[in-house]
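*Asks:* If you're matching them up, the sequences are chains A and B in order. Reading the first sequence from the start, the letters are residues 172 to 589 in the numbering used here. Reading the second sequence from the start, the letters are residues 6 to 396 in the numbering used here.
Worth double-checking, as some hints may not be accurate.
[Stated by the list, open to error] The calculated label-pair distances, taken between Cβ atoms and stated as ranges, are:
1. B:359 to A:321: 38 to 44 Å
2. B:71 to A:512: 33 to 39 Å
3. A:264 to B:196: 46 to 52 Å
4. A:405 to B:207: 49 to 55 Å
5. A:183 to B:167: 41 to 47 Å
6. A:545 to B:122: 52 to 58 Å
7. A:321 to B:76: 56 to 62 Å
8. B:256 to A:584: 53 to 59 Å
9. A:282 to B:30: 45 to 51 Å
Source of the hints: derived by calculation from the structure; they are not laboratory data. Remember, it's a predicted structure, so these values are computed and weren't measured experimentally. For each residue, glycine too, the CB sits at the ideal point set by N, CA and C.
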Amino acid sequence: MTDELLPPPRKDPQKRTLSPTRPPEARSRASLGLSAAAAEGRFALQVCAECNTVQYPPRDACSRCIGTDLHWQDIAATGQLLADTVIQTSTKLYFRERAPWRMGSVKLDAGPVVLCHIHSDCEKNSAVTMLNRLDASGQGVLLAIPTIRTTHMEDDPQLRALSADPRHRRILITDAWNPNTPTLANALIEAGASTVFVGESESWRPHPNRDALAAIDKVEVLPLDVTDTASVKKLAGEIGGKTDILINNARFMRPGGVLDRGDTGFAKEEMEVNYLGMMRLAQAFGPAMCARTTDGVNSAVAWVNILSVNALSNSPDYGCFSASNAAAYSLSQSLRGEFRGAGLRVMNVFVGPTDDAWYQPLPPPKVLPPAIARSLVDGLQRGLEDVWCGDVAKDVRDRWRRDPKVLEREMTNGGDGA
Amino acid sequence: MKQRLNYEGVAIAAPFTMPYQRYSIDTAHWWIAKALRGSLDAAGVAPTDIDGFSVASFTLAPDTAVGLTQHLGLCPRWLDNIPMGGASASVALRRAARAIQAGDANIVACVAGDTNQIDSFRNMLSSFSRFAMDASYPYGYGGPNANFALLTDCYMQTYGATREDFGRLCVAQRDNALRNPNALMKKPLTLDDYINARPIADPIALFDCVMPCAGSECFLVMSEEEAQRRQVPYATIGSAIERHNAHAEDDIQLRGGWTMDIDELYAMAECTPTDIDLLQTYDDYPVISMMQIEDLGFCAKGEAPEFVRSHDLTVNGDFPHNTSGGQLSAGQAGAAGGFIGMVEAIRQVTGTAGATQVKEASTALVSGFGMINYDRGVCSSASILKTGARA
Numbered sequence: 172m173t174d175e176l177l178p179p180p181r182k183d184p185q186k187r188t189l190s191p192t193r194p195p196e197a198r199s200r201a202s203l204g205l206s207a208a209a210a211e212g213r214f215a216l217q218v219c220a221e222c223n224t225v226q227y228p229p230r231d232a233c234s235r236c237i238g239t240d241l242h243w244q245d246i247a248a249t250g251q252l253l254a255d256t257v258i259q260t261s262t263k264l265y266f267r268e269r270a271p272w273r274m275g276s277v278k279l280d281a282g283p284v285v286l287c288h289i290h291s292d293c294e295k296n297s298a299v300t301m302l303n304r305l306d307a308s309g310q311g312v313l314l315a316i317p318t319i320r321t322t323h324m325e326d327d328p329q330l331r332a333l334s335a336d337p338r339h340r341r342i343l344i345t346d347a348w349n350p351n352t353p354t355l356a357n358a359l360i361e362a363g364a365s366t367v368f369v370g371e372s373e374s375w376r377p378h379p380n381r382d383a384l385a386a387i388d389k390v391e392v393l394p395l396d397v398t399d400t401a402s403v404k405k406l407a408g409e410i411g412g413k414t415d416i417l418i419n420n421a422r423f424m425r426p427g428g429v430l431d432r433g434d435t436g437f438a439k440e441e442m443e444v445n446y447l448g449m450m451r452l453a454q455a456f457g458p459a460m461c462a463r464t465t466d467g468v469n470s471a472v473a474w475v476n477i478l479s480v481n482a483l484s485n486s487p488d489y490g491c492f493s494a495s496n497a498a499a500y501s502l503s504q505s506l507r508g509e510f511r512g513a514g515l516r517v518m519n520v521f522v523g524p525t526d527d528a529w530y531q532p533l534p535p536p537k538v539l540p541p542a543i544a545r546s547l548v549d550g551l552q553r554g555l556e557d558v559w560c561g562d563v564a565k566d567v568r569d570r571w572r573r574d575p576k577v578l579e580r581e582m583t584n585g586g587d588g589a
Numbered sequence: 006m007k008q009r010l011n012y013e014g015v016a017i018a019a020p021f022t023m024p025y026q027r028y029s030i031d032t033a034h035w036w037i038a039k040a041l042r043g044s045l046d047a048a049g050v051a052p053t054d055i056d057g058f059s060v061a062s063f064t065l066a067p068d069t070a071v072g073l074t075q076h077l078g079l080c081p082r083w084l085d086n087i088p089m090g091g092a093s094a095s096v097a098l099r100r101a102a103r104a105i106q107a108g109d110a111n112i113v114a115c116v117a118g119d120t121n122q123i124d125s126f127r128n129m130l131s132s133f134s135r136f137a138m139d140a141s142y143p144y145g146y147g148g149p150n151a152n153f154a155l156l157t158d159c160y161m162q163t164y165g166a167t168r169e170d171f172g173r174l175c176v177a178q179r180d181n182a183l184r185n186p187n188a189l190m191k192k193p194l195t196l197d198d199y200i201n202a203r204p205i206a207d208p209i210a211l212f213d214c215v216m217p218c219a220g221s222e223c224f225l226v227m228s229e230e231e232a233q234r235r236q237v238p239y240a241t242i243g244s245a246i247e248r249h250n251a252h253a254e255d256d257i258q259l260r261g262g263w264t265m266d267i268d269e270l271y272a273m274a275e276c277t278p279t280d281i282d283l284l285q286t287y288d289d290y291p292v293i294s295m296m297q298i299e300d301l302g303f304c305a306k307g308e309a310p311e312f313v314r315s316h317d318l319t320v321n322g323d324f325p326h327n328t329s330g331g332q333l334s335a336g337q338a339g340a341a342g343g344f345i346g347m348v349e350a351i352r353q354v355t356g357t358a359g360a361t362q363v364k365e366a367s368t369a370l371v372s373g374f375g376m377i378n379y380d381r382g383v384c385s386s387a388s389i390l391k392t393g394a395r396a
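Just chain A, with the same shape it has in the complex (with noise of 0.2 Å):
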């Protein structure tokens, strides 16, 4: 059985911090469906049209048939464990500080053989489940669990470097006046969270939230406007260095496309926060938690920006705040590319329209805060890049995958005329 991970004793300031080192990332294009997978916590495989052969490892042409219309397919990630191996040593950094590192072959059910990690409690030749996950280089991996849930069990260092767990876990939820940070807070704590750090900017105006947070134990309410470039970095000089997930909520928000509007004010103060916060906060806090992947139980793990799903494609009721998540979600791309070489990974919550007040004029369904708490402890555990959360959210994808100008038309309707 996995041994309980314990807190982590304090910091010793007098040893070094290890520098970030990765597992291997190198892989052919091909392969890298198995990443996007990863990236939504599905277990998918190549499966040819022609011959319906299930294959692995990814090709450019089928094993059976040398057909070439290969697609990622969802399949049933069960299989049996053949043989296994402790690595002890390795040339790859990443492992040899890891050492002793289990990985073996498993006989898929769907037919493949394929070699992975394997989790410490899964015995010889038994029944295994399958995860495809994102390990440190942000590339998609394969971890072989006990079928039937063991004690501890996400506990297992092997799993957890494929997770970016709350557990123990130190973190920064960035505005105390969203509706939804208590809930947030709270969810994080009961996950494990050791510290949950709330951003409040205007300290001296009353708001709803106030009350809910003072009532949390281990929620520490700190200064912070991420429209304000002294006040983000007088923050990440606090606190930068035991920042282990950093949740970007703040958000500014207006109703209406750019008609609606007589000046760029509205639209000027969603870039501030939307999108240029974001840019703040990355380049104060940023440099820090990319120093402290490496850095034990509570290493840096995560970023996580909560975005509108409209910031796929836009829709003009929200025009202007649409655009300005449109900016974010393209930074936070950047940020993914910037964060790698720590093995920072950057998850994005897209959300559909939440019940609150500015959604008001918007009928259902909408989301409350609970259910983005729970897709974001969620896409935590799991080390998720992407989260969908909420029925629209899911919606917007699915069609935006199927045809990103279909879906652009169905959001610009003009509405009929007389």
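On the provided structure of chain A, position chain B as indicated by the hints.
*Replies:* Coordinates of chain B only, in the frame set by chain A:
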């Protein structure tokens, strides 16, 4: 299927080994030049007499056999580059032999060599194959150690082999290596040393693994008439086979491609396993030697552990095996590791093996195995050599 032609009339001569070094500051080009020159000198052949050239190497990049022709000033009319690692020797031999038979070349030099600089093993691993990059190295980056640990684990579970069985094979090879002045391992190995060695990738421990090193090996292929005219000792080719990606349907590799071609191997050479005086297996790990002992017909599948318990695998034993110490004790010089058994077998059947000579050896089987593309060795090869003219 049409019976393939035999290899009659072809001689294999002038075996040369450039003594291995653990690390080298020289390049693969240098090592290949050394071995080539060694074989040419041994046969009294001038570089301009070479009209066929076959190269196996992992560390020539960015060059191939093509670059080497200009580098070494050769002008061949037949050129081959063999990227098959441990299976290279028999593959190079049978292709060269066909060139001789067809008259495409008069003398073919077959050479394999690699350097081993600090970090070159790590660099080679990282660019070994696409499947390895995509689907093997991300899982602990154990390299071949991890792959063979899985095969060994499965072999032990399936056939009841023990670590002692693998140890017997390694210990016998070390005995042989102590007779070979060029072997990198110079200390005797006991079964206790083997069992108590540092674990590498369970159940594989230190003495299951070869030591990467620099080195090169070469031999010449020509007609028997040419060999006789030049008065060099030579072997003849009883038969030779190669096979790639055999038994792809097996979940894990417990047999190799030899099983598909073994009948033809012995039939063409007009002999049986009992006629083999010595066996050179490709021994990157002892489990693979066991697999070859089975697949080449010396015992039934799964019985190699019992076979090594009941036979003496040393030079003077009843089943001489890897008489120069093999890669496990002499070192693994990259692609030259695919040649070590071939070059030693030529020496054995021509009576030039010196301290490792098996008495009256006249028939040798050389087996090759190579290229862990993903989860198994893809290439297998073998050839049977017979005495042509002794020294």
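*Asks:* All the hints need checking, so say for each whether the structure fits it.
*Replies:* Tested hints:
1. B:359 to A:321: 38 to 44 Å: violated, 59 Å
2. B:71 to A:512: 33 to 39 Å: holds, 37 Å
3. A:264 to B:196: 46 to 52 Å: Because 34 Å falls outside the window, the suggested range is violated.
4. A:405 to B:207: 49 to 55 Å: holds, 52 Å
5. A:183 to B:167: 41 to 47 Å: holds, 46 Å
6. A:545 to B:122: 52 to 58 Å: holds, 54 Å
7. A:321 to B:76: 56 to 62 Å: holds, 59 Å
8. B:256 to A:584: 53 to 59 Å: Given range 53 to 59 Å: holds, Cβ gap about 55 Å.
9. A:282 to B:30: 45 to 51 Å: holds, 48 Å
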